[in-house]
Amino acid sequence: MTARSVHPAPPPPPAPRPDTGTGTPRVGRSWSARRIPSAVCALLICAAAVALLQDVVAVRTGAPGQRWRRSLTHWLTTHPLDGTWVRVGACVVAVLGLWLLALALTPGRRHLLAQRPPVPSVTPYLDRPSAAALLRDTALGVPGVGEAAVTVGRRRARVRAQVDFREREEVRADLRRALEERMGTLALRREPRLRIRLRDRSPVGK
Amino acid sequence: MRRTVNRVLLAVLGVVLLAAGLTAVVGAFDLTRRWSWLSLPGGWPWTSPHDVLLPAADRQRWSGHGWFWPVAIAVLVVGALLTLWWLLAQLRTRGLRRMVPPGAGADGGGRDGRSDGERGGSGRVVVRGQALADAIADTAAAQPGVESAHARLAGSGSRPRVELYLTLHQDADAAAVLDLLDERVLADARGALRAPDLTALVRTRTGRDRAVARLDRPSPATRELR
Chain V
4 MTARSVHPAP PPPPAPRPDT GTGTPRVGRS WSARRIPSAV CALLICAAAV ALLQDVVAVR
64 TGAPGQRWRR SLTHWLTTHP LDGTWVRVGA CVVAVLGLWL LALALTPGRR HLLAQRPPVP
124 SVTPYLDRPS AAALLRDTAL GVPGVGEAAV TVGRRRARVR AQVDFREREE VRADLRRALE
184 ERMGTLALRR EPRLRIRLRD RSPVGK
Chain Y
231 MRRTVNRVLL AVLGVVLLAA GLTAVVGAFD LTRRWSWLSL PGGWPWTSPH DVLLPAADRQ
291 RWSGHGWFWP VAIAVLVVGA LLTLWWLLAQ LRTRGLRRMV PPGAGADGGG RDGRSDGERG
351 GSGRVVVRGQ ALADAIADTA AAQPGVESAH ARLAGSGSRP RVELYLTLHQ DADAAAVLDL
411 LDERVLADAR GALRAPDLTA LVRTRTGRDR AVARLDRPSP ATRELR
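Chains as they are written, first to last, in the working numbering: chain V, 4 to 209; chain Y, 231 to 456.
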């Protein structure tokens, strides 16, 4: 983002660990079972079906239709399509459908980062906040860094740190080297790119 | 299995809602008149903004037939039962309750798990799934860098799968933990279960300390940078 955050010459990342055995098995994204949306949809449809069934059976056995169903039918048969609520409803239904489709087709579990498996039978994942915690632990160990906050995205890891002493650029170089080394130990299949932002300790306060 | 069913049903539902919503949008905003390129086939519902959602003609077209109500009731019953099943399927979280390690109790036990399974006979050993999972978790928790661990056994008796949830210390080497996990923990489990093809799903996280939390501790300047 800012020019400051771009390091002039980042040292090359440490070489990845040698693979054990022949060919690295690939671990893809973890695919969520989508249990909660499924449960909600199932519950809603089931409730609607039961309610309609109750009404249909009541009508068939001679009782009058239930009030909610009669008012619903009345509403549906009298409101033209260009009514505000019909328009809003149509858009909502379309968006809802699109959303369900997206839920069905995307893997989800965006908080899990795939790791390189030590052997093919093991499928390991590390969650993003934890990757951030591990990186932050390293950042705090770099001399000159007072505070550090790390957020790990799927593609980028953002490190914000406060420099308490030492030259800022020296700290940056050390920080980058240390973080890249630590990143190597996370065994991530796809390592997020590091983005480091430093600020000096503010003169205000203590 | 459940994942596939859920995703297929959600996709079907999504397509139905999207189609219904778009059709209604086309009618409600009178898009066929505004966009000349958009022409709809004959018999298309909801073409004019003055149409109602449920025209009386449509409503009475089928309901007069003798077959309509029995069919409607049957459809509703089947729909209610299927969605109930779908709902209940989401509630199952139980792992593998018990399993019989192939060849356990018999002599030696060969490499091929499945063929040995039937030989168990009178000396059969039944392993309670959670007991085994707990043992795996305990071994995992004893590895360096691991703060705590829990596990459960999933899959089927002939193809068991371990789901292992690890909590690491902040200074742990995640790659080293994974290597050790395979060498020490899963190797033992494979031996105990006589399941050489035991697979493991491992999810790793760290303890309470979140990365964004501000820490007041002074910078550990004394620590040497390697």
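Do not rely on the hints blindly, as some may be mistaken.
Cβ-Cβ distance ranges computed for the label pairs, FRET-style [what the hints assert, rightly or not]:
1) Y:PRO271 - V:ALA66: 35 to 45 Å
2) Y:GLY421 - V:ALA54: 39 to 49 Å
3) V:THR81 - Y:SER293: 52 to 62 Å
4) Y:PRO285 - V:ARG32: 20 to 30 Å
5) Y:GLY375 - V:ARG159: 44 to 54 Å
6) Y:ALA406 - V:ARG193: 17 to 27 Å
7) Y:GLY375 - V:ARG202: 30 to 40 Å
8) Y:TRP274 - V:GLN57: 43 to 53 Å
9) Y:ARG414 - V:ARG159: 15 to 25 Å
10) V:ALA66 - Y:PHE298: 14 to 24 Å
11) V:TRP78 - Y:ARG389: 48 to 58 Å
These aren't lab readings, by the way, just hints derived from the structure by calculation. Computed from a prediction, not measured in an experiment: that's the story for all the values here. Glycine included, every Cβ here is placed at the ideal spot set by N, Cα and C.
Hints versus structure:
no. : hint                            : verdict
1   : Y:PRO271 - V:ALA66: 35 to 45 Å  : holds (41 Å)
2   : Y:GLY421 - V:ALA54: 39 to 49 Å  : violated (56 Å)
3   : V:THR81 - Y:SER293: 52 to 62 Å  : violated (18 Å)
4   : Y:PRO285 - V:ARG32: 20 to 30 Å  : violated (46 Å)
5   : Y:GLY375 - V:ARG159: 44 to 54 Å : violated (26 Å)
6   : Y:ALA406 - V:ARG193: 17 to 27 Å : holds (20 Å)
7   : Y:GLY375 - V:ARG202: 30 to 40 Å : holds (32 Å)
8   : Y:TRP274 - V:GLN57: 43 to 53 Å  : violated (33 Å)
9   : Y:ARG414 - V:ARG159: 15 to 25 Å : violated (34 Å)
10  : V:ALA66 - Y:PHE298: 14 to 24 Å  : holds (18 Å)
11  : V:TRP78 - Y:ARG389: 48 to 58 Å  : holds (54 Å)
Going down the numbered hints, you'll see the structure goes against 2, 3, 4, 5, 8 and 9, while the others check out.
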